[in-house]
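Novice: Kindly produce the complete structure, drawing on both the sequences and the hints.
Going down the list, the protein sequences come from chains A and B. Under this note's numbering, the first residue of the first sequence is numbered 4, with each subsequent residue one higher. Under this note's numbering, the first residue of the second sequence is numbered 12, with each subsequent residue one higher.
Check the hints yourself; a few may be wrong.
[Said to hold, decoys possible] If you want the footprint, here are the derived chain A segments under chain B, 3+ residues with CB under 8 Å:
(1) 64–78
(2) 105–114
[What the hints assert, rightly or not] SDA-like, lysine to any residue: derived pairs with alpha carbons at most 20 Å apart:
(3) K62(B) x T104(A)
(4) K47(B) x F107(A)
(5) K16(A) x E78(A)
(6) K81(B) x T104(A)
(7) K60(A) x Q14(B)
(8) K47(B) x P42(A)
(9) K47(B) x G6(A)
(10) K68(B) x T104(A)
(11) K47(B) x K67(B)
(12) K47(B) x E105(A)
(13) K47(B) x G43(A)
(14) K47(B) x E28(B)
(15) K62(B) x A79(B)
(16) K47(B) x L91(A)
(17) K47(B) x T8(A)
(18) K67(B) x G6(A)
(19) K68(B) x T93(B)
(20) K60(A) x T38(B)
Hints were generated in silico from the structure; no laboratory data involved. Don't be surprised by glycine CBs; every beta carbon is placed ideally from N, CA and C.
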Amino acid sequence: KAGVTQTPRYLIKTRGQQVTLSCSPISGHRSVSWYQQTPGQGLQFLFEYFSETQRNKGNFPGRFSGRQFSNSRSEMNVSTLELGDSALYLCASSGGLGTYTEAFFGQGTRLTVV
Amino acid sequence: GQQVMQIPQYQHVQEGEDFTTYCNSSTTLSNIQWYKQRPGGHPVFLIQLVKSGEVKKQKRLTFQFGEAKKNSSLHITATQTTDVGTYFCAGGDSGSARQLTFGSGTQLTVLP
Chain A
4 KAGVTQTPRY LIKTRGQQVT LSCSPISGHR SVSWYQQTPG QGLQFLFEYF
54 SETQRNKGNF PGRFSGRQFS NSRSEMNVST LELGDSALYL CASSGGLGTY
104 TEAFFGQGTR LTVV
Chain B
12 GQQVMQIPQY QHVQEGEDFT TYCNSSTTLS NIQWYKQRPG GHPVFLIQLV
62 KSGEVKKQKR LTFQFGEAKK NSSLHITATQ TTDVGTYFCA GGDSGSARQL
112 TFGSGTQLTV LP
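Specialist: Pasting the structure below:
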């Protein structure tokens, strides 16, 4: 069974640009969550999608948005990039409802904003 | 909102010594999960605890969930160099949506 695939693995953008990250969950998983990981703030929840609907959102500005397609693949978009957006962005898929199932993380996309 | 505190932030041990990391939540958790992230890697699920007072073991790892479901610990007996990495706890809330609140992690270094 293929794991969670995130593309691209690395990305360098300049301030003010926008970026789109992609996540393909494990086959059959309908829940996809996104997390931002930085040395200072740790792993912070961005949002979660289930069956194309955003079910929950963390405390991030509106510049961070996402969506999920009918095949459960998800994209995350960050507009008007700031230096502080430099981070490892991780997506996690899970197969069950609620929080009682493990999250399978992808390798992440390392975003550097210069 | 829910906050999960984890201590210590760093721990250096000699190979063969024991290691413990602790998590404390500001609210009652529906469940707690533990993940390990190797340097340069991504978090990998270790275990989930759901019941009050639950204790689970995986070889040299022992996980506990507090009676009040607000704290948890991970204890590693006789550490090995393969245990190196950052250990995260993640608390689940009681809502239907999937949101894990991660602790800040404990970075374990094992000296040979």
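Novice: Count residues of the segment 64–78 of chain A with a Cβ under 8 Å from any Cβ of chain B, then say if the count reaches three.
Specialist: Violated, because only 0 residues of the segment 64–78 of chain A bring their Cβ atoms closer than 8 Å to Cβ atoms of chain B.
Novice: Between K67(B) and G6(A), does the CA-CA distance stay at or below 20 Å?
Specialist: Between K67(B) and G6(A) the Cα gap is close to 26 Å, so the pair fails against 20 Å, i.e. violated.
Novice: Given the hint that K16(A) pairs with E78(A), test it: the Cα-Cα distance must not exceed 20 Å.
Specialist: holds (17 Å)
Novice: Take a quick look at whether K47(B) and T8(A) sit within 20 Å of each other, Cα to Cα.
Specialist: holds (19 Å)
Novice: Holds or violated: are the alpha carbons of K47(B) and E105(A) at most 20 Å from each other?
Specialist: holds (13 Å)
Novice: Is the hinted pair K60(A) and Q14(B) satisfied, with a Cα-Cα distance of at most 20 Å?
Specialist: Holds, at roughly 15 Å.
Novice: K47(B) and P42(A) were given as a pair; does the straight-line alpha-carbon distance stay at or below 20 Å?
Specialist: holds (16 Å)
Novice: Between the segment 105–114 of chain A and chain B, are there enough contacts, at least three residues with CB-CB distance under 8 Å, for the coverage claim to hold?
Specialist: holds (count 7)
Novice: Quick one, are K47(B) and E28(B) close enough, alpha carbons at most 20 Å?
Specialist: holds (19 Å)
Novice: Between K68(B) and T104(A), does the CA-CA distance stay at or below 20 Å?
Specialist: holds (18 Å)
Novice: When you check the alpha-carbon spacing of K47(B) and L91(A), does it fall within 20 Å?
Specialist: Given pair K47(B), L91(A) holds - Cα atoms ~16 Å apart, limit 20 Å.
Novice: Are K62(B) and T104(A) close enough, with their CA atoms no more than 20 Å apart?
Specialist: holds (14 Å)
In this structure, the earlier hints numbered 1, 18 are contradicted, and the remaining ones agree with it.
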